[in-house]
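Mind docking these for me? Both chains are given alone in their own frames, and the hints should help you get the complex.
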Amino acid sequence: MKPARFQYHRPTNLSEALEMVATLENYKILAGGQSLMPMMNFRFAMPDHLIDLNQVGELVGIHEENDRLVVGAMTRQHHIHRSELVAKLCPLVPEAYDQVSHRQIRNRGTLGGSLCHLDPASEQPCFTSALDGNIEVQSRAGSRTISIHDWTQMYMTPALGSDEIMTRVSLQPWLGPHGWCFLEYARRHGDYAIVGVAVMVALDAGQKIERLSISLCGVAPAPLRLSGLESALVGQAGDKRVLPAVHEHIEAIEEIMHDAYNSSIYRRHLTQTLTARALGIAFERALKAH
Amino acid sequence: MQEELHIHLSVNGKAHDCPVSTRKSLADFLRQDLKLTGTHVGCEHGVCGACTVLVNHQTARACLMLAVQADGCEITTVEGLANADQTLSVLQQAFKETHALQCGFCTPGMLTTLTELLAENLNPSEEEVREAITGNLCRCTGYQPIIKAGLLAAERMRALGDEIMTPFGGPSR
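From first to last, the protein sequence lines are chains A and B. If you read the first sequence in the numbering used here, its first letter stands for residue 11, the second for the next number, and so on. If you read the second sequence in the numbering used here, its first letter stands for residue 22, the second for the next number, and so on.
Treat the hints as calculated values from the structure; they're not laboratory data. A hint or two may mislead.
Calculated cross-link-like contacts (lysine-lysine; reagent style DSS-like; alpha-carbon spacing at most 30 Å) [stated by the list, open to error]: (1) A/K38 / B/K45; (2) B/K45 / A/K12; (3) B/K45 / B/K56.
Derived contacts from chain A toward chain B, CB cut-off under 8 Å, selection only [to be verified]: (4) M11; (5) R118; (6) Q282; (7) T283.
Chain A stretches covered by chain B per the calculated footprint, using a threshold of three residues with CB under 8 Å from any CB of chain B [stated by the list, open to error]: (8) 14-22; (9) 46-52; (10) 107-113; (11) 267-276.
In this text, a Cβ means the ideal position worked out from N, Cα and C, and glycines have one as well.
Here chain B stands alone, though its shape is the one from the complex (with noise of 0.2 Å):
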């Protein structure tokens, strides 16, 4: 029986080369084997949205991977949305002012999510703020301050214009 593989891939932009038992979650992985914790893990079926990382950009659900299957690919975790002098992103500092966490166990999802979100758009609606987070489950605000720190991130990053880094390194879209 083949238990373990190795895997090469590279977590908010470090390169690790490890085996990986092949029946072990992405979300698993990122918190035993690299101890990065910040990914939460709720449901584990999908559904509460709170081990939401980036695979390439783009969002997917952690607990939903296999560890395997990240073979090759390039993840960021809510550890990899700070700046790179550590200081809070824009969307992160908006979640701060707006009092956009409370318990914080959902916070690491709806950051990922809306950094795909702002990463491709920077001019979002109310309603497509409010979309994008359906997938997100949080028991605490009520949604409506994480909405908020959405918005207000969006408007910052637009008065920023180029001068915004996103998670990836680049000017954002």
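Here chain A stands alone, though its shape is the one from the complex (with noise of 0.2 Å):
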């Protein structure tokens, strides 16, 4: 047997499980396990017990609530990705998860889980923080609602308390006309990315931009929100004008991450690229959503 030895816990509500994590020691929380059951697998993670997620119903489902898209932090990835509502609501969101990883992964991974794993290069991250998205954690004392652009304490640790289990994720849906985009470049198709982008934009009826949001992932330990260059660009053309504007920004961003596979030169050239692509096509779908 590959993972090494653990108890094994099987909570079929959420109190059984907020006791579970209040009062057990070294414990893992198991969501879709395409993450976590490899980590155990090497032995990289060794918990003592382990809390499997997968009978706790009331953390699945998608609905709408106050023109936020509310997502069970244990919706199955192939359950959004193909969800009319989240088409509806958030289009980025499925053209993003037509990149993540394969179907045998998404039909098991979770939006959950994902978002605690926290994998820099993850498109998860990257779509919750261009769509603002809110993260709501519970445990025996009751819940709090944390921004993602908060969530993120360091390398691929979200600000979870050991006590607290992640419940579900809102999505800030844009109501009005807007495009949107997501790219990114991976040497495989459903490898994590090496660098992603996700672009949502409206103009106004001069076709100026009216509203921004540009996130990155694979650049930053946390998925990096270009607040900067969106408040920069509102009231500019919304065309290929902006793109020097763009370069630049992207130029001075201080520390890009690197590896042994790909420097941040590299990261820092593939990221001004597919930032200007992602903007090209979300102009186009902006004016044609008016």
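Below is the structure:
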């Protein structure tokens, strides 16, 4: 057997699970298992207790609530990918899921699992950031909501207390006509992005940028929201005339991730190229939406 | 320590009721406990796709699921893909004809993956077949014959229409 010894727990409701995280030491929560199980098979992760949330039905579901799109933490990625409600309210999300791993993985993987695992190259924290996601967590003491922008504490470390479980995430759909685009570059379809970019844009009647959202993955330990660039571009023409400013802004990003395979220089160049391309597609879609 | 749990599941239409170690993967359970060695174990961390099985008609990596998580599920492995009379399924026959396998190690995962695709989409483009198997590594064929097999099977299944039975016992959608 590959994983080290652990005690397996299978709660059937949230309060049972919350009791477990409040009392057990050195536990890990098992969501879809598409990252945790490999880590356990390698024995990078050796929890004493494994709390399997797959029987907790109340953590699954997709619905609209107060103009926000709410997704239960244990909702499978495949269901979100193919959901008509998601496609209607946040078309950026299925476009991003086109790039998320393989079907076999999306059938099991969950949005909550991905947001708690927080791989810096993952598409899911990136679109959650572009759509100003709020993450709801619960403990025996009650619940709290954390903005995705405050969720990442450091590399692969979410702001989740040891007595808390993430219950759902809500995204902010854009109501008026707008454009969107998710683009990434990976060596093989379905691999984690080397760099990925999520863009949302709304244009006014004079085709000037009214509202803009740009988030990057694969660039920093957390999804990087380019809010400085966003505010600089609002009021500018919604076409390729903004591209020099985009290029310059990305040139000025202080630190860009690097690893044995991809240097920061390459990643910066890729970020510039992909952001320009994604903006072009989003502008076109925004024009068509009018 | 709770080392074992009793599980009840159906594998290729046959019900099983047995105790299983809580840290045993579904792949190891199928191979070691049920002696269904058609499901191959390659990388054991979700990269190669050889262990892909159908869990409630949907593909999953059997190395990334614990056997206890399959409690109550309907599992289909490569052993369950042939027709009821044990002749090759349309997809398997297409693999044979187009030489879509050489060593055969990746084949169980390729077949289960493409079975899911064809159950949902009888008219896939070449691009869609390619994308469907991005999660399955093959080191012999260079993939081209596998893609050919997928497209050939789709074509034959379209021609057969309602006569075609899926491994799930109903007409394909």
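These are the hints, each one checked on the structure:
no.: 1; hint: A/K38 / B/K45; result: holds, 17 Å
no.: 2; hint: B/K45 / A/K12; result: holds, 8 Å
no.: 3; hint: B/K45 / B/K56; result: holds, 14 Å
no.: 4; hint: M11; result: holds, 5 Å
no.: 5; hint: R118; result: holds, 5 Å
no.: 6; hint: Q282; result: violated, 27 Å
no.: 7; hint: T283; result: violated, 23 Å
no.: 8; hint: 14-22; result: holds (count 5)
no.: 9; hint: 46-52; result: holds (count 4)
no.: 10; hint: 107-113; result: holds (count 3)
no.: 11; hint: 267-276; result: violated (count 0)
In summary, the structure is inconsistent with hints 6, 7 and 11 from the numbered list given earlier, while agreeing with the others.
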